[in-house]
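Modelling step: build the complete structure from the supplied sequences, incorporating the hints.
Next come the chains, spelled out residue by residue.
Protein chains: 2
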Amino acid sequence: MSLLDRIADCATFDPTAYRPWRIDGKVYGLTAHAFADALAAFQDVFDVDAGEVRLATSLTTSEARTKAVAGVLETLRDHGLVPGWRGEHYPVSRSFHAEPVLTIERAAVSRMGSKGYGVHLNGYVRKNGGIHMWVGKRSMRKPTGPGKLDQMVAGGQPIGISVHDNLIKECAEEAGMPVELATTARPVGTVSYLTERPDGLRHDVLFNYDIELPHDFEPTPTDGEVDAFYLWPIEEIIERMREADDFKFNAALVIIDFAVRHAVIGPDDPEYIGITEGMHMGRAGDLAMF
Amino acid sequence: MSLLDRIADCATFDPTAYRPWRIDGKVYGLTAHAFADALAAFQDVFDVDAGEVRLATSLTTSEARTKAVAGVLETLRDHGLVPGWRGEHYPVSRSFHAEPVLTIERAAVSRMGSKGYGVHLNGYVRKNGGIHMWVGKRSMRKPTGPGKLDQMVAGGQPIGISVHDNLIKECAEEAGMPVELATTARPVGTVSYLTERPDGLRHDVLFNYDIELPHDFEPTPTDGEVDAFYLWPIEEIIERMREADDFKFNAALVIIDFAVRHAVIGPDDPEYIGITEGMHMGRAGDLAMF
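As you go down the protein sequences, you meet chains S and Z in turn. Those letters in the first sequence? Residues 1 to 290, per the working numbering, in order. Those letters in the second sequence? Residues 1001 to 1290, per the working numbering, in order.
Warning: the hint list may mix true and false statements.
To be verified - Quick partial rundown of chain Z residues pointing at chain S, CB under 7 Å, derived from the structure: (1) Phe1096; (2) Thr1190; (3) Ser1192; (4) Phe1207; (5) Arg1261.
Stated by the list, open to error - Have a look at the derived ranges for each label pair, beta carbon to beta carbon: (6) Z/Thr1061 with S/Asp5: 32 to 38 Å; (7) Z/Leu1004 with S/Ser93: 14 to 20 Å; (8) Z/Pro1015 with S/Asp216: 54 to 60 Å; (9) S/Asp199 with Z/Pro1146: 53 to 59 Å; (10) Z/Thr1012 with S/Arg94: 22 to 28 Å; (11) Z/Leu1004 with S/Arg86: 31 to 37 Å; (12) S/Thr222 with Z/Asp1199: 37 to 43 Å.
Stated by the list, open to error - Not close to chain Z: a few residues of chain S, all C-beta gaps over 10 Å, as computed: (13) His89; (14) Val101; (15) Ala263.
Just so you know, the hints here were simulated from the structure itself, not pulled from any lab data. Cβ coordinates follow ideal geometry from the N, Cα and C atoms, glycine included.
This is how it looks when you write it as C-alpha cells:
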C-alpha cells in the first residue's frame, strides 16, 4: 500500500466513457454516455449525437442558457438522475477568472463534468517539535464522502465571493473559527484532479491554505457538516493514508501536498517524485484532448 | 509579460524534432534528429533508423553499455557535437530510485535526452516582516546559463551520493556554508520540466529545499561557479521575472514555487492556477508518448 494509491484515486478518468459538452464550439464539460443520452430528449436545449453534447445555438446569453439548462436539470433530478441537489448555482467557464457562460446547480457539476473549484484549509499545531493536524469527520448526511475524514475546513467555491472571503466564511461555519484567527491563514498552492467518483466526474482545482493554530483553539462543529474533530500527529495521518482510503479522495491529496511542503516526506522516499508530480493529475489543458 | 512566460520557457519541447532512444525496448531518452544521425555511424553501439535510436542488443551489462557509449560520445565530442564536457558520469534510468542501466558523461545527458536530476536551495532571510532571498549570479565560464541569476546553491545530482548529502556538499562549495547551518535546510517538493534549451534537451526533476538563514550569514563564492550574491526582496524578484528572463530557466521555476508556498502570490492573481499547475510541465509519464 502506498501514497501513490491515493494519487491514483484522483486519476481514474477514462476518456472513452465520456462525451465533450461544447458551447459555441468549445469544450466546457465531459458527460458520461448515459447522462448524455438523457440530455438528448431535450432538443430545444441540447443537440446530442454519439460524439458530443452541444448546447443549442439558439441560446446565446448567460441568462437564457442558465434558465434553459436549469429546466432540463430539474426534470432529470425528478427522475433521480441528479442526486444530492443543493439549490446552489456554480459557474461554468473555461478558466477560474473568466466570465461564466452560464451557471448550473452544484449537484449537476459532476454530471455535466464542468470544472469545479474549492478551498481547503490545513489547520495545524506545533508541539513537542512536531506537527499535529486537525482532521474533521464528515457528517453521514453529506451528499459526497459521507463519514470520510477531511480537512478541518473545506468547501466548494461558489460564484460571487472571493476565495479568501469564502475561506473566512467556511472557517466560521464549519469550525467556529473567529475572523481574526481565520485571516492568519495563508495560501500555499493548488491541487488539481480529473477523476471518476461514485457521484460523477470531478474535474477540480482546490485552493490550499495553511493555518498554524494556537494550542488553546479547538474547532467546534457549528453547521452539522462535521461530526467531530481530531488532532493527530501528521506522521500518523500519512501512515494511515498509506494503508486505507478513509480520507476523502481530495482531502488526501491536500494533506500529501502539506506533508511534502513541511518536509514530512523527503527525497529519500522512493515515491517522492511520483507524489510531487501527482499533485496536478488534472490540469487546465485536459479538455484540449477533445 | 507574465510569470507564465517563465513556465512556457520550461515547456518548449516539440516531439516531432526528436527520436526516442530505446534500450531493451524501453525509452530512456530523446535524441534530436541531427544527433541521432551522428550516432548512426557507430553501428556496433547504436542501431538507428528514421523512427528511433536503439542501443545495440549485444550490449547487455551496465559496464559494457557505459564503456561502448563513452567511446562514441568521446569521438562526437572531438567533432564538437558534445559541448561543455565535464568529465562527470550521470546515471541513465527510467526513474530516480531505479538501478541505472548505464552511466554517461554529464554534458551528453541533454544530447541523449535522458532524465536529469538536481538539487536547488532557496536561501532566505526574514526581515521587516518580509522575505528577502539570496540570489547568485552564475559565472560567465559556466557551460550552461552563463551570467544568469540562480538559486544561492544549485547543482546537478550525480550518482553515488544522496540528495541530502549532495546539497550539503554544494552548500559548502558554492556558498561557503558550514555543515551545521546547511543541515537546517528542509525538502519542500520538486519541479519537473521537459524543454529544449540552447545546450540540448532538458528533462529534469529538481529537488527543492528551503533554508531560513540568520541575518549574520553571508554566502561567499568559493569554487568560482558564482560571481556574486545579492539579497533581494522576494516581491522584487518576482516582478523582475515577470518582465525578463535574466534568471536561469529552471531557477525561475524554483523561485515561483517558493513564492506560491510562501503566499507571495495568491488566488487573486489571475495566473495562479496556470502557475501552480505549471510546476511540473514535464513528468515521469512523458516518455509514454513514444
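(request) Report holds or violated for the interface hint on Z/Ser1192, using the least CB-CB distance to chain S and a cut-off of 7 Å. (result) holds (6 Å)
(message) Verify the CB-CB distance for S/Thr222 and Z/Asp1199 against the hinted window 37 to 43 Å.
(response) Because 58 Å falls outside the window, the suggested range is violated.
(message) If I take the minimum Cβ distance from S/His89 to any residue of chain Z, is it greater than 10 Å?
(response) holds (20 Å)
(request) Evaluate the given range 53 to 59 Å for the C-beta pair formed by S/Asp199 and Z/Pro1146. (result) holds (54 Å)
(message) Within 54 to 60 Å: is that where the Cβ-Cβ distance between Z/Pro1015 and S/Asp216 falls?
(response) holds (57 Å)
(request) Take a look at whether the Cβ-Cβ distance between Z/Leu1004 and S/Arg86 falls inside 31 to 37 Å. (result) Distance hint for Z/Leu1004, S/Arg86 holds at roughly 34 Å.
(message) The output says S/Val101 does not contact chain Z. Does that hold with a beta carbon cutoff of 10 Å?
(response) Fine: 18 Å to the nearest Cβ keeps S/Val101 off the interface.
(request) Starting from the hint 32 to 38 Å, judge whether the C-beta atoms of Z/Thr1061 and S/Asp5 obey it. (result) holds (35 Å)
(request) Mind checking the CB of Z/Phe1096 against every CB in chain S and telling me if the closest is under 7 Å? (result) Constraint on Z/Phe1096 satisfied, holds at 6 Å.
(message) Is the interface hint satisfied for Z/Phe1207? The criterion is a beta-carbon contact with chain S at less than 7 Å.
(response) Result: holds, 5 Å to nearest chain S Cβ.
(request) Classify the hint on Z/Thr1190 as holds or violated, based on whether any CB of chain S lies nearer than 7 Å to its CB. (result) Result: holds, 4 Å to nearest chain S Cβ.
(request) Using the Cβ atoms, figure out if Z/Leu1004 sits within 14 to 20 Å of S/Ser93. (result) holds (18 Å)
Hints 12, 15, counting from the list given before, are not met by this structure.
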